[in-house]
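Protein chains: 4
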Amino acid sequence: MKTPAFLSDYMEGAHPSVLDRLVRTNQEKTPGYGADDYTNRAAELIRAACGCPEAEVFFLVGGTQTNATVIDALLRPSEGVLCAQTGHIAVHEAGAIEACGHKTVELPAAGGKLSAETVRDRCAAFYEDGSRSHMVRPGMVYISQPTELGTLYSLEELEALRRVCDALDLPLYADGARLAYALACPENDVTLPDLARLCDVFYIGGTKCGALFGEAVVFPRKLRAPYFFTDMKRHGAVLAKGRLLGLQFEALFADGLYGRIGQPAQQAADLLRGELTRRGYEVLPDSPTNQVFVRMKNEDLALLRETFDVGLWEKTDDSHTVVRFCTSWATKLQDVEELLDTLPGS
Amino acid sequence: MKTPAFLSDYMEGAHPSVLDRLVRTNQEKTPGYGADDYTNRAAELIRAACGCPEAEVFFLVGGTQTNATVIDALLRPSEGVLCAQTGHIAVHEAGAIEACGHKTVELPAAGGKLSAETVRDRCAAFYEDGSRSHMVRPGMVYISQPTELGTLYSLEELEALRRVCDALDLPLYADGARLAYALACPENDVTLPDLARLCDVFYIGGTKCGALFGEAVVFPRKLRAPYFFTDMKRHGAVLAKGRLLGLQFEALFADGLYGRIGQPAQQAADLLRGELTRRGYEVLPDSPTNQVFVRMKNEDLALLRETFDVGLWEKTDDSHTVVRFCTSWATKLQDVEELLDTLPGS
Amino acid sequence: MKTPAFLSDYMEGAHPSVLDRLVRTNQEKTPGYGADDYTNRAAELIRAACGCPEAEVFFLVGGTQTNATVIDALLRPSEGVLCAQTGHIAVHEAGAIEACGHKTVELPAAGGKLSAETVRDRCAAFYEDGSRSHMVRPGMVYISQPTELGTLYSLEELEALRRVCDALDLPLYADGARLAYALACPENDVTLPDLARLCDVFYIGGTKCGALFGEAVVFPRKLRAPYFFTDMKRHGAVLAKGRLLGLQFEALFADGLYGRIGQPAQQAADLLRGELTRRGYEVLPDSPTNQVFVRMKNEDLALLRETFDVGLWEKTDDSHTVVRFCTSWATKLQDVEELLDTLPGS
Amino acid sequence: MKTPAFLSDYMEGAHPSVLDRLVRTNQEKTPGYGADDYTNRAAELIRAACGCPEAEVFFLVGGTQTNATVIDALLRPSEGVLCAQTGHIAVHEAGAIEACGHKTVELPAAGGKLSAETVRDRCAAFYEDGSRSHMVRPGMVYISQPTELGTLYSLEELEALRRVCDALDLPLYADGARLAYALACPENDVTLPDLARLCDVFYIGGTKCGALFGEAVVFPRKLRAPYFFTDMKRHGAVLAKGRLLGLQFEALFADGLYGRIGQPAQQAADLLRGELTRRGYEVLPDSPTNQVFVRMKNEDLALLRETFDVGLWEKTDDSHTVVRFCTSWATKLQDVEELLDTLPGS
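Protein chains in written order, with our numbering: chain A, 540 to 885; chain B, 540 to 885; chain C, 540 to 885; chain D, 540 to 885.
In short, the hints are calculated from the structure, not lab data. None of these values were measured; they are calculated from a predicted model. The C-beta atom is built at its ideal place from N, Cα and C for all residues, glycine as well. A hint or two may mislead.
Said to hold, decoys possible - Cβ-Cβ distance ranges computed for the label pairs, FRET-style:
id, chain 1, residue 1, chain 2, residue 2, range
1, A, Ala-664, D, Gly-669, 48 to 54 Å
2, D, Arg-615, C, Glu-593, 55 to 61 Å
3, D, Arg-844, B, Asp-668, 53 to 59 Å
4, D, Arg-615, C, Ala-706, 57 to 63 Å
5, A, Tyr-666, B, Asp-705, 53 to 59 Å
Assemble the whole structure, with the sequences as input and the hints as a guide.
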C-alpha cells in the first residue's frame, strides 16, 4: 500500500490529549446518550469559547449526519437549502439532504463561497416569480467555513450574508467540518464568537480537527428545533456512549487547544505551497488553509503516485490534473519534505 | 450523581484489548471510509467466525442508523417491515424507519419474540385481503437476538422463521445489538454460523459488546443492496476514520474474544437473578441473558434509588414497578454485591 | 360482470346538479390551480356553512392525498399521528403517511372510534416514559367522521377529544370522506359548525358524497401550515384545472345540497338493515350510517355473489363472513329490493 | 377579471367528446380504482396506438403526481434522476421528487432539451470520479416531449439518448404532459410507437390535451415496478372513481382523436407566430409547438395586460420581458385575432 499521507485530514487517530482522556476514563460508568458530566462540561466550554452562554450544544458523530439532521430540523416540508454548487451537501453526501425530502438549491459560487449577492438575487427571483407557489421555497442558507475548496469567508462577507438572511428571514448555517483550520490560518478574521453571533446554527468539526470523530452543533441563541435530540435519534445520530463525544470536545476546548490545533497543518501547507511555487508548480491561488490544490503535469503525477496515494481533484485537460494535498493537525514538516523529495524540480 | 451501574450495557468505554489497539495505532495514517487493511482484516475474521466466506461485511457506528440503513436498502417503496411490537425499531428509534418512508408493521410477540406462526398468519391475511393493493406489503422480517426483553430465539424457532420467510420470499434480518450476550448464555443454541445460514442479513453488535461503538452488518450470501456503501453514506452512517471500526472488530474477533466477552455479564446476571429470587423478589422468568427484569415494591425501589440510578421499565400497578438491571462485559461480581447490599431482604 | 351495487359509495359519477355545472361551464377559460371565481365562491360557501368566516379552504382531489398532505404539513419531523388501529391512514393508504416520514401510532378503538381516554392515556404514558426522547412524539390526532366502520362520534365524544387535545396541545384532524352520510343520519348530533369549532383542520368529502372527485380541507381558524398550497403541490395534490373542484363544491354547497345529499343513502341503508334483521340476518349493531355490515353464512353469501359483487369485510369463522353493503346518494330503494330478492329468507 | 386566454393550455374543461362520454355514463355503477371495463378498454386502445401489445398502462390524475410516482418507483434509494435544468421536475413541482428522497440532477440543456452527449458526459464524469460512492448515482433520465420550452426531440435525438441509456443501463422516462401538441406539430417526427420503442416508461398527457384531467403511464415492455398500483396508492395517486380516467382516455383514443386534438392549437400558434413576426415582434425561434415565446417591450406588455392576463416568462432586461402565449385544443383563430387586435403594430 502506498503512503496515504496528504490524502485527507482524517487519516490519523486522535490528538494525544484527546486519546489520553478516553484512556483514563475508559472503565468509568456513565449514563448513555450524552447525559453525563463530561458532555455537560464540553458544552459549557464551547459556550464559553463562543461567547454565547445561552447556546444549546449537541454532539453528533459525523458531518453528513450532522448536516442532514440540522437541515431537516430547520426546514419546513416544501423548503430547500441554498448552497454553493460545490457545497459538501450538494456533491459528496450521496443525497442525504434529499433523503430527508429537501432540495439542495445549488448556486454558482466562486472559490466555493456563496456570496450575499447570489443569495439575495436568487431569493429576489423567487419572490418575483409568479409561479413561486409551485417552486421550492428558499428555507435556509448553508455555507462551509473553510469551504470545500479551502477558502475562507471574511468577516465582512459573513456579515453581508447575515444581513441578507435577516432581510429574507432565512436561518444561516455554517458547516465547520474543518473549522480548526480556519482558526489557525493567518488570513482568517472570523472568530468563534463571530460565528456564534452571525449564524443561527453551526457546527464545530471534531473528526478532521483532532478527535477520533465528533461534531458539535451550536444553536447560539434560540433552539430552532424544539426536539432536536429526538430529531438526532430519528437520524441515527445519537451515540449510545455519548460521553465519548463529551470527553473529546472537553479535551479540545479545555485549554484552548482547538484554537491552536490547526497550526501544524497550516505550517505544513504553507511550506508545501511555498516550495511547490518556488519549483514552478502551478499552485491554485484560492486556498490559504490546509488544503493545497496543485495543477500538475500528468507525468509528474505519475511519478508522485509511485510513492504516494494522492487525491485527484479534477482533470483540467488531457495532460494536466489538479491534485489536492491535505495537511492535518498531525502532519509533520518532515512529511512535507518527503513528499517534495518525490517530486521533480527540487 | 448516583451510581449508574446496571442502567444499561453501554456505560463503560471499550474492552482493554480494543482500547489498546486504538492506542497503539493512533498515529498511523490510513485512507478513510474503511478502505484500510484493519477493516479488511476485521471483515475477514467475521467471515471466518460466521462460516460464510462469501459474505459482504460493512461497519457502521450505531444500532438505529444500522437498522434504518439496512431496512431502507432492502424494502421497495410500498413495503413495510414486520416486527415484534416491542421491537427496537418500533419503539425506541424515534421513527427512524418511518423517516425512510416505511411502516413498521407491529405484531404481537410473547416475550419479545416474533413467532413463525405470527408472521405466516399476518402474511396470509394480507394475501387473502381483497384490498391488499391498497395496503403496505410485507417486505421483510426484523427480529432481535437477544430480544429487547432479554429472551432468545432457539435454533428451532429461527429455522421455523426461515421456512416461513422462504415460503413468502421475505428477507430475514436479525438485529444483534446484544449478540455477544446471546453467545455467552448457556441457554443459547444459535451460533454465528447458524445466524449466517438462516438470515439474509444481520448485524453483530459492538457498541454494547466491548467496543467504544460500532456494528458489523453481514450479508452472508448475496448482497441484496448493490450500492450499500452509498446507501450508508446517504444515511450519514459512514465513519470518516473507518479504520476505527475495523480495529475494534479486529480486536473483538482476533482470538474469539467476541464469543467470550459476554461471560462476565452472564455470571453477574445469574448471580443477581439467583440472589433476588432467594430473597423473595419477583424476577420475571423470561430473560436468561444479561438483562434482569424484577417486579419491585415501590418502597424497595425508592430505597434502591437513593444509591443507584436504575432503569424503570413499567409500572404494573400503583405499588409495583418493573425495574431492569443490565449487566455488561465490564460488570464485576462485586458490583452485584454492592447492589444487593442496598436492597432489603438480605 | 356482476352488479357492483353496494360495493362502495363511489361507484357512480356525480350528482346531476354537479354534473350540470361542469357541463355548462365546460368551454369557459379560467386560470389554473384554483385561482378562479368558482373556487373562491365554493370556499365562501363552505365558510358560511361551517360558521367560520376566517377559515382557509383548500381543494384536493382524493382522500389519501389529502390525509398525507395535511398530516405532513402539521407534524414536525419526529412526531407521529395518533389514530384508531382501524383508521384509513393506518390500513388502506399503502403507507402514504410513512412515505412522508411519519409514524401512524395505532391505538385500540372500539367501533372504529378513538376515545378521549385512549388519547390521554397514551400521551400520559409517553410523557411518563423516561425514554420518551427516543420515541415518536404524539404530534396530532386523526379521526374519521363517520368512521371506517360507519360509526359516529357524538358531540360529547368530540368535545372530550377536544379537551384532551387542548390539554396536550395536539391538533385534532377529522377525515370527512363520508361526512355527508354523517350529516344525513338521524343519530348524528355533530354539525359542520361543531366540526369547525372542535377541529384544527378537517376535510369535507366530495368523492363519496356526490362529486366526481374532490375533498375540501378546512382550517377553521388559524392556518397551521403557512405554505399549504405549495405543500399540496409537493404532494402532487394540486389539480391543474382547479375550477373543476370549485365548481363541484359550489354545486354541493350552493343551496344546502350537501346537508341533504346523503338522505337517499340513509333511507336505503335503513331499509336494508330493517329487512335483513327481520329475516334473521345478523346485522352488526354499530353502524347507523350508509355502511351496513352483516355477518352471513357462507352459503347465503355464495348465493348472493352469483348476482352481486359484494365487499367481503372479514372472515369470522370457517362458515361465516362479514359483508359490507354500502349505499350512496345515488342508491334507489329499488336497488335494495333487488338485493333483498337475491337473498334467501324473504 | 381580465381575459385569461393564452395563459396556459389547461384553462378550459374537456373536449366535447370526452365530456359527452362522462355525461352519458354518469349514473352507471362500476367498481372503483380502475377495475372497470372503460379503463380496460382505454388501456387496450393505448396499447394499440403505441404498437406495444404487452404494455402495462396506468391512469393517474396529474403530472406532478405522475412524475413523482414513476420516478420514486424506478430509483433505488441513493440514485437520482438526470434532467434538464429547465425540466418540470426540477423547477415547478415544489420539490416533489426530493420529497420521495431523490435528487434531481439538473443538467445544462439548450432549448430545454437534454442531449445524449450531456447525459453521457455526466455519467462518464461520475464513473471516473474516485469519490463516486459518496455521490448520488445517476439512476434514470427524465425528458419532456415537447419540452417545457415548446421544443421537440427529433427521432434522431431520441435514438441517441436511447443508445446512451442502453450503454449506461439507465431507464429513459418521457413526460408527455403536452404530447398531443407534439403529435400535431409538422416538425415532429416522433410517433407514439417511437416513444414506446425508445422509452422504458412515458406518460401520455390528458390534462392539457383534451381531458378534464388525467395522465396515462405506459410501461411499453417490462413493468419495472412490480407493485406500481400500490406505489400509486402510497402517493395518493389512485382515483377512487377510476373509470373517469378510463372514460376520458377511451374518448381520446377511440377514433384517433388524440392524434388530431392538438391541431387547432398548432394552427392558432402558427397564426400568432406569423403575425407577430410580421409586425416586428421578436418571437423566440425555438418552439414550433403550442407555446409561443415573445420578447416584448414593457410598454407593449402593459398595453396588452389591460385586456389579457398573460404569462410572464422572464425579464430579459429593464425594458423587455419574455411573454408566453399558450394555445390549446380549444383555442379558436378568432381568439388569436382578438389578441392581435390588442397589440400595437397591426
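Hints versus structure:
Ala-664/A and Gly-669/D have their C-beta atoms about 36 Å apart, which leaves the hinted 48 to 54 Å range violated. Against the hinted window of 55 to 61 Å, the Cβ-Cβ separation of Arg-615/D and Glu-593/C comes to about 46 Å, which falls outside the hint. For Arg-844/D and Asp-668/B, the Cβ-Cβ distance of about 56 Å falls inside the hinted range of 53 to 59 Å, so the restraint holds. For the pair Arg-615/D and Ala-706/C, the beta carbons lie near 45 Å from each other, so the given range of 57 to 63 Å is not met.
Taken as a hint, the range 53 to 59 Å holds for the pair Tyr-666/A and Asp-705/B, whose Cβ atoms sit roughly 58 Å apart.
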